[in-house]
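Novice: Quick mapping for you: the protein sequence lines, in order, are chains A and B.
Numbered as in the numbering used here, the first sequence ends at 422 without a single skipped number.
Numbered as in the numbering used here, the second sequence ends at 808 without a single skipped number.
It should be emphasised that the hints constitute simulated quantities derived from the structure, not laboratory data.
Be careful, since some hints might not be right.
[Said to hold, decoys possible] In silico BS3-like cross-links for lysine-lysine, where the CA-CA straight-line distance does not exceed 30 Å:
id, chain 1, residue 1, chain 2, residue 2
1, A, 52, B, 666
2, A, 331, B, 572
3, A, 160, A, 150
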Amino acid sequence: MAAVGALGRIGKLSSSICRNHRLIFNRSPHRRGIATCIDPAHGLSDEQKEFQKMAFDFAANEMAPHMAEWDQKEIFPVETMRKAAQLGFGGIYVQPDVGGSGLSRLDTSIIFEALSTGCVSTTAYISIHNMCAWMIDTFGNTEQREKFCPILCSMEKFASYCLTEPGSGSDAASLLTSAQRKGDHYILNGSKAFISGGGDTDVYVVMCRTGGKGPKGISCLVVEKGTPGLSFGKKEQKVGWNSQPTRAVIFEDCAVPVTNRLGEEGQGFSIAMRGLNGGRINIASCSLGAAHASVLLAKDHLLVRKQFGETLSNNQFLQFKLAEMATKLVASRLLVREAATALQENRPDAVSLCSMAKLFATDECFNICNQALQMHGGYGYLKDYAVQQFVRDIRVHQILEGTNEVMRMIISRNLLSES
Amino acid sequence: MSGRVLVGVKRVIDYAVKIRVKPDNSSVVTDGVKHSMNPFCEIAVEEAVKLKEKKLIKEVVAVSCGPQQAQETIRTALAMGADRGIHVQVAGKDYESMGPLQVSKIMAALAKKEDAQLVILGKQAIDDDCNQTGQMTAALLDWPQGTFASEVALEGDKIKVVREIDGGLETIRINTPAVITADLRLNTPRYATLPNIMKAKKKKIANMKPEDLGVDLTSRLEVLRVDEPPQREAGVKVETVEDLVGKLKDAGRV
Numbered sequence: 004m005a006a007v008g009a010l011g012r013i014g015k016l017s018s019s020i021c022r023n024h025r026l027i028f029n030r031s032p033h034r035r036g037i038a039t040c041i042d043p044a045h046g047l048s049d050e051q052k053e054f055q056k057m058a059f060d061f062a063a064n065e066m067a068p069h070m071a072e073w074d075q076k077e078i079f080p081v082e083t084m085r086k087a088a089q090l091g092f093g094g095i096y097v098q099p100d101v102g103g104s105g106l107s108r109l110d111t112s113i114i115f116e117a118l119s120t121g122c123v124s125t126t127a128y129i130s131i132h133n134m135c136a137w138m139i140d141t142f143g144n145t146e147q148r149e150k151f152c153p154i155l156c157s158m159e160k161f162a163s164y165c166l167t168e169p170g171s172g173s174d175a176a177s178l179l180t181s182a183q184r185k186g187d188h189y190i191l192n193g194s195k196a197f198i199s200g201g202g203d204t205d206v207y208v209v210m211c212r213t214g215g216k217g218p219k220g221i222s223c224l225v226v227e228k229g230t231p232g233l234s235f236g237k238k239e240q241k242v243g244w245n246s247q248p249t250r251a252v253i254f255e256d257c258a259v260p261v262t263n264r265l266g267e268e269g270q271g272f273s274i275a276m277r278g279l280n281g282g283r284i285n286i287a288s289c290s291l292g293a294a295h296a297s298v299l300l301a302k303d304h305l306l307v308r309k310q311f312g313e314t315l316s317n318n319q320f321l322q323f324k325l326a327e328m329a330t331k332l333v334a335s336r337l338l339v340r341e342a343a344t345a346l347q348e349n350r351p352d353a354v355s356l357c358s359m360a361k362l363f364a365t366d367e368c369f370n371i372c373n374q375a376l377q378m379h380g381g382y383g384y385l386k387d388y389a390v391q392q393f394v395r396d397i398r399v400h401q402i403l404e405g406t407n408e409v410m411r412m413i414i415s416r417n418l419l420s421e422s
Numbered sequence: 555m556s557g558r559v560l561v562g563v564k565r566v567i568d569y570a571v572k573i574r575v576k577p578d579n580s581s582v583v584t585d586g587v588k589h590s591m592n593p594f595c596e597i598a599v600e601e602a603v604k605l606k607e608k609k610l611i612k613e614v615v616a617v618s619c620g621p622q623q624a625q626e627t628i629r630t631a632l633a634m635g636a637d638r639g640i641h642v643q644v645a646g647k648d649y650e651s652m653g654p655l656q657v658s659k660i661m662a663a664l665a666k667k668e669d670a671q672l673v674i675l676g677k678q679a680i681d682d683d684c685n686q687t688g689q690m691t692a693a694l695l696d697w698p699q700g701t702f703a704s705e706v707a708l709e710g711d712k713i714k715v716v717r718e719i720d721g722g723l724e725t726i727r728i729n730t731p732a733v734i735t736a737d738l739r740l741n742t743p744r745y746a747t748l749p750n751i752m753k754a755k756k757k758k759i760a761n762m763k764p765e766d767l768g769v770d771l772t773s774r775l776e777v778l779r780v781d782e783p784p785q786r787e788a789g790v791k792v793e794t795v796e797d798l799v800g801k802l803k804d805a806g807r808v
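All chains should be built: construct the whole structure from the sequences, respecting the hints.
Specialist: Now the structure itself:
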């Protein structure tokens, strides 16, 4: 009888462990506490550390437990994203007067890096949504800002960024979707490809041709779901990024009010590119989070897995490999954060730095995640283990928001330009 | 009634950290180790903020005793919705020997100074598991206490507290002013929002020393040694139930 009472007491004591009644044992890799060289809190202000801590907590509690299910079942986690929006993540660098959080690009990078450790795909979509909200905030007039920004910042409505077409990816300025002016509407014809959120989102920021060829003929229109003539292709089946649907967005004589145009005619390409500068930092930040989580997973595995009579952590090759991974992670992080600061301050090197950061961080972080998978041996290939999802999810970061080849174009153009 | 609630928040080693004992067995390693607010203190802050949101109380004051880093913990409380903070500076040897007795003396002095209607604390800290500060504070103030609270309801000048006890749940009604300690199921602490974290920067944290409150920090306890729990040893397989009972009897367990 005494034994039963004792067991009951042990049961009650063990309830005193965790906040939010969550499993703490091994599922949240970023919650290891010893301040190591890869701790992403190094060098941050107290306030930034608070943002980061909160984002890590949210990622661990609200995202990480569902990351695998969202991937396997291709669920677009609307409720979780709305919870994130309630914390201010819907419009992080959108101005407060229209519902945004008014934070800096560096604060944003820190937040997306932390959220990514919970689920890369969902965080990447949140960053795209943020980019669209910022474009309307920055280039919209008062009516447009008041109409769209508050509902986007709260994620009452979701947004998509529509630039790429079947015939124009890297050569974005050659896009063909036309917008013919007819009275107080533009009539859109054409289609966009690979649109993140397409079909499930409500607000489409569309780059289309109102004028002649090249970038100067492109304008930016906000198209709302439900507009007659707006339809969507089939949901694409992807290797990763499965918690966000990807579809073609099709315009067939779709009439959009002229009052939905952001900025002037011919300004659309510039708006799109300026959106992408921040978008590139965001995507690079998502890669950082995935790499950070993967390094911690690899470290844990090395400390546990035994072969040849000792733990893998005693193997010099693996020690050195881990050290290289950590070094590349910190180097990537520094470049991304510097690019964020440069963009915030509107420095002359901002565009190049954003391209360099995106190029370097997405490439290196993919390699880090891939190495982490290798360190897991056969287990790394099983979907029971999170590391494979980090690898699959960040692979596309080397391709979208400007391929890493296009990043090289931007950088070399800056280096070789005559002035 | 002043409508003011004092909430004690303690900075402890984060619950997810693997604790290591110092080589000299004097204490655990804290340098460079991630710290955060004690989880039960988070629940206490959440309860206080909820009472304020229901307009049952007017002001939430977060209190922490410790070195400079205790301010981080107060800021977290401010980001969750506390109105202002009080940092009682205790550092060095005093901090190492500070325990529930000293903290409860400080809390009692502050409760009188701030004319608090309610003091809410976590039921225990996850580093020392003392489960004493709330009870001692109530005793020093000669106030009623509602400990291990899983439900708190203000009813005029009384408080109904549902307590989690070994036998189940006990409901008591106590007078105010009172001390309450929060148990796990009292609430689920909110995430601080980005705007609230930014607003927290502007909220005031007052600094004071234990002497200002007339509190003597001398400890009556001396820590002799800190050891890791014994390593789990291999078990023994037995063939029959009789063997099992026999072994348990030999080991004096039955």
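Novice: Assess, step by step, whether the Cα of residue 331(A) is no farther than 30 Å from the Cα of residue 572(B), and give holds or violated.
Specialist: 26 Å, holds
Novice: Has the given pair, residue 52(A) with residue 666(B), been kept, meaning a C-alpha gap of at most 30 Å?
Specialist: Since the Cα atoms of residue 52(A) and residue 666(B) sit roughly 34 Å apart, the hinted pair is violated (cutoff 30 Å).
Novice: Keeping to a limit of 30 Å between CA atoms, is the pair of residue 160(A) and residue 150(A) held or broken?
Specialist: Answer holds: residue 160(A) to residue 150(A) is near 11 Å, not above 30 Å.
Consistency note: the structure conflicts with earlier hint 1 alone.
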